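J.: Protein chains in written order, with our numbering: chain A, 869 to 1078; chain B, 869 to 1078.
Treat the hints with caution; some may be incorrect.
For identical chains, the list gives no copy identity; a pair is met inside one copy or between any two copies.
Here are the simulated SDA-like pairs of lysine to any residue, each with C-alpha atoms no more than 20 Å apart in a straight line [stated by the list, open to error]:
no., residue 1, residue 2
1, LYS1060, GLU911
2, LYS908, ILE874
3, LYS954, GLU890
4, LYS954, SER1067
No wet-lab data here; the hints were simulated from the structure.
Quick caveat: nothing in here was measured; it's all calculated off a predicted structure.
There are 2 protein chains.
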Amino acid sequence: MKKKNIPSVTINRLSIYHRCLEKILETQKEEDLKIVPSFKIEEMTGINSAQIRKDLAYFGEFGKRGFGYPLIDLSRELKKILGLDKKWSVIIAGAGNLGKALVKYKGFQKKGFTIKGIFDNNPSKIGKKLGHIFIYDIKEIEKIIQAENINIGILVIPADSAQEVADKMVAGGIKAILNFAPVHIFLPPEIKIHNVDLSIEFEGLTYYLS
Amino acid sequence: MKKKNIPSVTINRLSIYHRCLEKILETQKEEDLKIVPSFKIEEMTGINSAQIRKDLAYFGEFGKRGFGYPLIDLSRELKKILGLDKKWSVIIAGAGNLGKALVKYKGFQKKGFTIKGIFDNNPSKIGKKLGHIFIYDIKEIEKIIQAENINIGILVIPADSAQEVADKMVAGGIKAILNFAPVHIFLPPEIKIHNVDLSIEFEGLTYYLS
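One chain only, chain A, in its complex shape:
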């Protein structure tokens, strides 16, 4: 099912479709629809039916044109395509406030992400625990990524050390990085990075206020 050369914008939209279907599944009653009409996904996501059909066509045939999609089947298939049916091992670089907040964030565990360790360079933090997660010396990061077969690294450290730590993560064998540091990180093309900008979350709101 996994194909090459799928545009990354398509992957982003698959994620949006998946969340949309999950939301419908969460809120609907048992006697409700088993087939979700394309216009409902269009309405909820703002992405038009033709685009939805085109995106899904990369992965096979789902539903009937002009009719709709099988709710449970498509949701399950998207979950699989997006890799959300698997368990993922995550480490966090940075035992600061955002690191602490992420450790306590319950949403991760629920979605199959397990935090295996936190890393910091502050001697007063190393060796302690955040919740039930051990804080290691940042010098150990490469070794532990290798030993524990970690898939995803989260960067919640100051901008000026972000590149150095990202390089160590990659040297250890990490394949994907979620970056909260407000700086552009240079990585080999095969490593996936996603930059999180919390101020973007405000932009939808201020339109309505102005």
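Add chain B to chain A, keeping to what the hints say.
T.: The following block gives chain B in isolation, referenced to the frame of chain A:
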């Protein structure tokens, strides 16, 4: 310029176009293009030219069909439409880790968001400061929102008290809420709410790992 009944998905896309233009402006050299071709925005955002033109048409006429958009003018106009040319007063409910992380987050100030206060119900926190921001008793939230004319509230408190505090924010006169609590908040229809789910940020990454 502000119109009624613009679909919220259009507003979300305006935000995407604006970030796209800012990114072009940041990375390009002086001798580079003054007109950005529609296909470039299409390429960077994954939203097709017809949709872009349709979204922008709500707000006036920009650029020439089949040619492109004036980079600086459109960027400035979108900034204005999205309300990002103004200063906004923000309060944070919750002096926990995420609250602390948000106070220290430099991106907000840069985009015109000023944090005017933090609120908590923990007596050991009330009266202290986080960075240079004062921590008030959560009981004062309504009064201070009124007195300081606060526009936006951020909820970074446990799910079980989120609704109660949101109600107090609305009673104080807040018009928009950014909610990090993993719970659905019920609000009057005129109040805008945006729910942030940090685990969504991972979903684009796991596709490439599976």
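J.: Any of the earlier hints contradicted here, and which numbers?
T.: Going through the list in order, the structure violates no hint and respects every one.
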